[in-house]
Structure formats: C-alpha cells, structure tokens
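Protein chains in written order, with this note's numbering: chain A, 1 to 281; chain B, 1 to 252.
Among the clues, some could well be false.
Claimed, not checked - Subject to a maximum C-alpha distance of 20 Å in a straight line, what follows is the list of computed SDA-like cross-link-like pairs (lysine to any residue):
#  : chain 1 : residue 1 : chain 2 : residue 2
1  : B       : Lys145    : A       : Thr274
2  : B       : Lys115    : A       : His179
3  : A       : Lys184    : B       : Met116
4  : A       : Lys276    : B       : Thr147
5  : A       : Lys184    : A       : Glu169
6  : A       : Lys184    : B       : Met207
7  : B       : Lys145    : A       : Arg275
8  : B       : Lys239    : B       : Glu193
9  : A       : Lys39     : A       : Leu167
10 : A       : Lys184    : B       : His143
11 : A       : Lys184    : B       : Leu114
12 : A       : Lys184    : B       : Ser100
13 : A       : Lys161    : B       : Pro97
14 : A       : Lys184    : B       : Tyr81
15 : A       : Lys16     : A       : Ile26
16 : B       : Lys127    : B       : Glu193
17 : B       : Lys145    : A       : Phe191
18 : B       : Lys145    : A       : Leu167
19 : B       : Lys145    : B       : Met121
20 : B       : Lys145    : A       : Val181
21 : B       : Lys85     : A       : Pro177
22 : A       : Lys276    : B       : Pro97
23 : A       : Lys161    : B       : Leu57
In case anyone wonders, no lab produced these hints; they're calculated from the structure.
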Amino acid sequence: MDARLKLRNTKSIVFKSIIIFLAFVITLPLIIILLYIIKQGVTQVNWHFLTHIPAPVGETGGGISNALLGSVIIVALSSLIAIPVGILAGIYLSENATTRLAYYAGLCVDVLQGVPSIVVGMVVYFWVVKPLGTFSALSGSVALAIMMLPIVIRSTEQTLKLLPDSLKEAALSLGVPYHRVILKVIVPCGFAGILSGIMLSVARIIGETAPLLFTAFGNPYLSAAITKPMQSLPLLIFNYATSPYDEWHNLAWGASFILLMFVLLLNIFTKLITRKWNIQL
Amino acid sequence: MEHSVISASNFNAWFGDNHAVKDVSIKIEKNQVIAVMGPSGCGKTTFLRCINRMHELIPGARSEGSLKLYADDVYTMNPIYVRYKIGMVFQRPNPFPNLSIYDNVVAGYKLNGLKMPKAEMDHIVQKSLTSAALWNEVKDSLHQKGTFLSGGQQQRLCIARAIAMEPEVILFDEPTSALDPISTSSIEALFHELKANYTLIIVTHNMQQAARVSDKTAFFYLGELVEFDNTRQMFTAPKDKRTQNYITGRFS
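Could you build all of it, start to finish, from the sequences and the hints given here?
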C-alpha cells in the first residue's frame, strides 16, 4: 500500500516537472530570435538610420526612413478602413448571435482568417491595382485591412458577448434608445477588449509582406502619396535581405530589429491596457 | 377610472408558445405599494416587464390586450417615453460599471444626451441619492465608480437612478433577493418613504416581505391573476382557495 502511494506520488512529481520544463522551453524560441535580431540589428540603428533613405549600392550609410513612413501610413490607412467596419460587424454578431445572417457572416469571418495572405494580395491586385493602373499604398492598405478584419470582428464580438444582459436592460429601462445603449454603454464597457483586439490586429499586419508585394510594391524613395507605390518595413527587409550586397543586408537587419520592437511594444501595451482599463463588472 | 395609474384589462403575454400571462385585469392606484407574489414561473415577472415594455425585447415575446398609464395606452406610446415614466429596478444590482456614482444617478439624462446646467444636475443627484437613503454614505465619493459599493448600496444606487427620472411608477423585480438581510430591511424601509411620491410595484418571492411592505397584494398562479386585494385582507382571509394554499405553504 505504502509503495503504491509512493509510486503515485512520484508519477505526479514527474508529470509536474515535465509541464514546468515545457512551459520553460516554449519561451526559448522567442528569446533566441530576440537576442539574434538584437545582436545583428541594434548596431545599425541610430538617428541617421531612422531619418535617411537607403543609400545606393556602393555608398555607406543610408537608412529606412521611407519604409518607416510607409509602414505607418499603410497601417494607419488599413486601420481606418478595417476598424469601423470590424467593430460594427462585431456588434452585429454579438447582438444577433442567433440569426442566420450572423451564422453565415461568422463562418465567412473564420474562413477569411484562414485565407493565405498572398491570395488576398493577388485579389486586391485585380480589384484595385489593375483598375487604377498603378501600384499604390492605398491598394496595400486595402489588402492589409482585409487581413485585419477577422481579428477585429471576432475580438469585438467575444468581448461584447461577455458583458451581462443586465447592463443593456439597465440602460433600456431608462428609456435610452438602442443605438445609444450600444454606443454609450455596451461599447465603453467592452472598450479594453475591443482596443486590445485592434492592437493585436495591427501587430499582426505590420509584418505582412506577401499582400504588399504586388499592391504597395515598394519604393526606394521617400513618398507619402497614397496613390503611388510606397515602401514598407517588411518589403524593405524582403528586398534587401535577398540582395547580394552586405550594406543592404545590414539595412535589412536594422529594419528587422525596428519591426520586431514595434510588434513587441504593441503586445506589451495591449497587456497593460487590458489590465488597467478592464472594467470590473 | 381616472385615479388608476396602471390599468390592465384582458392582458395576455407570450414567450413563443408559452402563454405566460393570461387575461389579467388589474387597476393600480396612485401612491400605493403593490406586492406581486406567486410561485416561480407564474408570470409575475413577465407581467411586470410588460408594464414598461421590456418584455417585447426578448425574441419571440409578444403581448395582447390593453395596458394603460392613466388614460394612455402604453402599447401605442413610444416605448422610450413609457420607460421615462415607468422606472425599473432589477433583481441584481446593475449600476453602469463604466460610470461614477454621480453619473450613474443621472445616467437616464446623460445617456439620452439631455443637457442641463451643472447646478441642476447636482441638485438631482443629491435629491435622488437622499430619497434612496444613500446620500450620507456616498457624498464624499461621488466620483468613484459605482461598482465599488456593496450589493445593498448598489441596489439603492439603482433606485436613485430610477428616481432621478421622476417617473410615475417604479417597478421592482425581486429587488432584495440578491441581498443580505440588513440591506433588505434598509430597502424595505425605503419603500414606505417612496410611496409618498411614487407608485411602487414589487415582485417578490418572499411572502413576509409582501406582508411587511405592501398596501395591496396581487397573487399570480399559472399565468392568471388569482386574487388582488388589500394585503391585510389577503393574508388573513383570502377569498380564493389557491391563495390560501399558497399562503399557508401547501405549495410553493
């Protein structure tokens, strides 16, 4: 009897050790990638690097200002397209969960999330780039907005579904019309969740390369015109890392470091926001 | 006829196929406390929610018959106006978690986008919180979130929120069933004061509570209004056999 008890205890300890060990192991890939990118990239980054466009082959120096500006513009533009649509669609899905439209719309959102990004890029190429006759930042934003939508929709929906019905009833019983109940009570109460969904979707698309290859296309010069081709961080990394020049490789490492920092900060902010602004129900 | 605040005649309500309220006719007079009691599933809460048209918000719910606020049919009025005039307090305290205590009290104005001078708003807040017997406890923390209050205080905050709209009638849906006995007795004491200005309709599971606080009691059973009479009369000499069985605890 005693021996059996001992054996069972040992099994528990072994099992516990294994899961603790694996929990530790899963942090390793990120740490290794981080350290490597920091080692390769951090020495490239300085003020000059952030404020100058890439130097032509053979010259030293040069920076990624065109890609930085481009990434900011393209992501801002896609957020402008995807966030209002995503939040409103998410509100519909959480408010009318039982309707047939909600079922099929939800299904489409799930499938959309699984569509390969290169396919999104190709579709946008035929929809926007060809009719307009030119590669443009706008078309890149459309492609990225399509990638953002499912994340914003689902996070809004999930957040709002968790809010108790009693909250809505309280507002309705005061004679507040439905649209104000949603905009003044339901959305503010779910604000932290909705915002964190938005931040995560931005973190997700800021590194997308494939949909931009034949939409935003890239541009070696500084440009803020949304109807013209525009550079972005992942495009710059893709183009320069595959080039045969060492200076350009260094540029790509530096850009990778900046991109990674963006994503890391966005994730950390998201965690802080959900902790700080989460409303006690 | 004219002195009835709420009068229903042959009023019916359904949830899908479930006939929850059957042919109810009742006249409720001004400045009284009406207790509505009956076993679970007898339609008392449904009837209450029909009075301020909250019932129809549930998918598949519908109603028929006439239900009047004074001389106006509630079901031809704008539901938003109905809910201004007929306030409601729910089973679980549900202050708005994103608003301060102050904003919770005037939520009916703020959420509807009604503007008024700050002094007037301050006055409404103080008056409503005083009427809800909460002013002394929260006057120093008006700008903190309402969700930091205890359950009983939250429920009184919800009462203050309903009072702030100056309604004719306040509906209470088992307002103390989620509260401890001390909070319960403070809210019961409130009912006596509130009836000077409002008409109160209180759904309750608790027969002692009905006996303690109400002027008149309505007994619902299986969707029907079995008996509606003065509370004292009802608890001492009920006319209907079913009321008697319920009060004496033969079924619950």
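We went through each hint and held it up to the structure:
{"no.": "1", "hint": "B:Lys145 <-> A:Thr274", "in the structure": "holds (18 Å)"}
{"no.": "2", "hint": "B:Lys115 <-> A:His179", "in the structure": "holds (18 Å)"}
{"no.": "3", "hint": "A:Lys184 <-> B:Met116", "in the structure": "holds (18 Å)"}
{"no.": "4", "hint": "A:Lys276 <-> B:Thr147", "in the structure": "holds (16 Å)"}
{"no.": "5", "hint": "A:Lys184 <-> A:Glu169", "in the structure": "holds (13 Å)"}
{"no.": "6", "hint": "A:Lys184 <-> B:Met207", "in the structure": "violated (39 Å)"}
{"no.": "7", "hint": "B:Lys145 <-> A:Arg275", "in the structure": "holds (17 Å)"}
{"no.": "8", "hint": "B:Lys239 <-> B:Glu193", "in the structure": "violated (30 Å)"}
{"no.": "9", "hint": "A:Lys39 <-> A:Leu167", "in the structure": "violated (51 Å)"}
{"no.": "10", "hint": "A:Lys184 <-> B:His143", "in the structure": "holds (18 Å)"}
{"no.": "11", "hint": "A:Lys184 <-> B:Leu114", "in the structure": "holds (13 Å)"}
{"no.": "12", "hint": "A:Lys184 <-> B:Ser100", "in the structure": "holds (14 Å)"}
{"no.": "13", "hint": "A:Lys161 <-> B:Pro97", "in the structure": "holds (16 Å)"}
{"no.": "14", "hint": "A:Lys184 <-> B:Tyr81", "in the structure": "holds (19 Å)"}
{"no.": "15", "hint": "A:Lys16 <-> A:Ile26", "in the structure": "holds (16 Å)"}
{"no.": "16", "hint": "B:Lys127 <-> B:Glu193", "in the structure": "holds (13 Å)"}
{"no.": "17", "hint": "B:Lys145 <-> A:Phe191", "in the structure": "holds (16 Å)"}
{"no.": "18", "hint": "B:Lys145 <-> A:Leu167", "in the structure": "holds (15 Å)"}
{"no.": "19", "hint": "B:Lys145 <-> B:Met121", "in the structure": "holds (18 Å)"}
{"no.": "20", "hint": "B:Lys145 <-> A:Val181", "in the structure": "holds (19 Å)"}
{"no.": "21", "hint": "B:Lys85 <-> A:Pro177", "in the structure": "holds (15 Å)"}
{"no.": "22", "hint": "A:Lys276 <-> B:Pro97", "in the structure": "holds (14 Å)"}
{"no.": "23", "hint": "A:Lys161 <-> B:Leu57", "in the structure": "holds (17 Å)"}
In summary, the structure is inconsistent with hints 6, 8 and 9 from the numbered list given earlier, while agreeing with the others.
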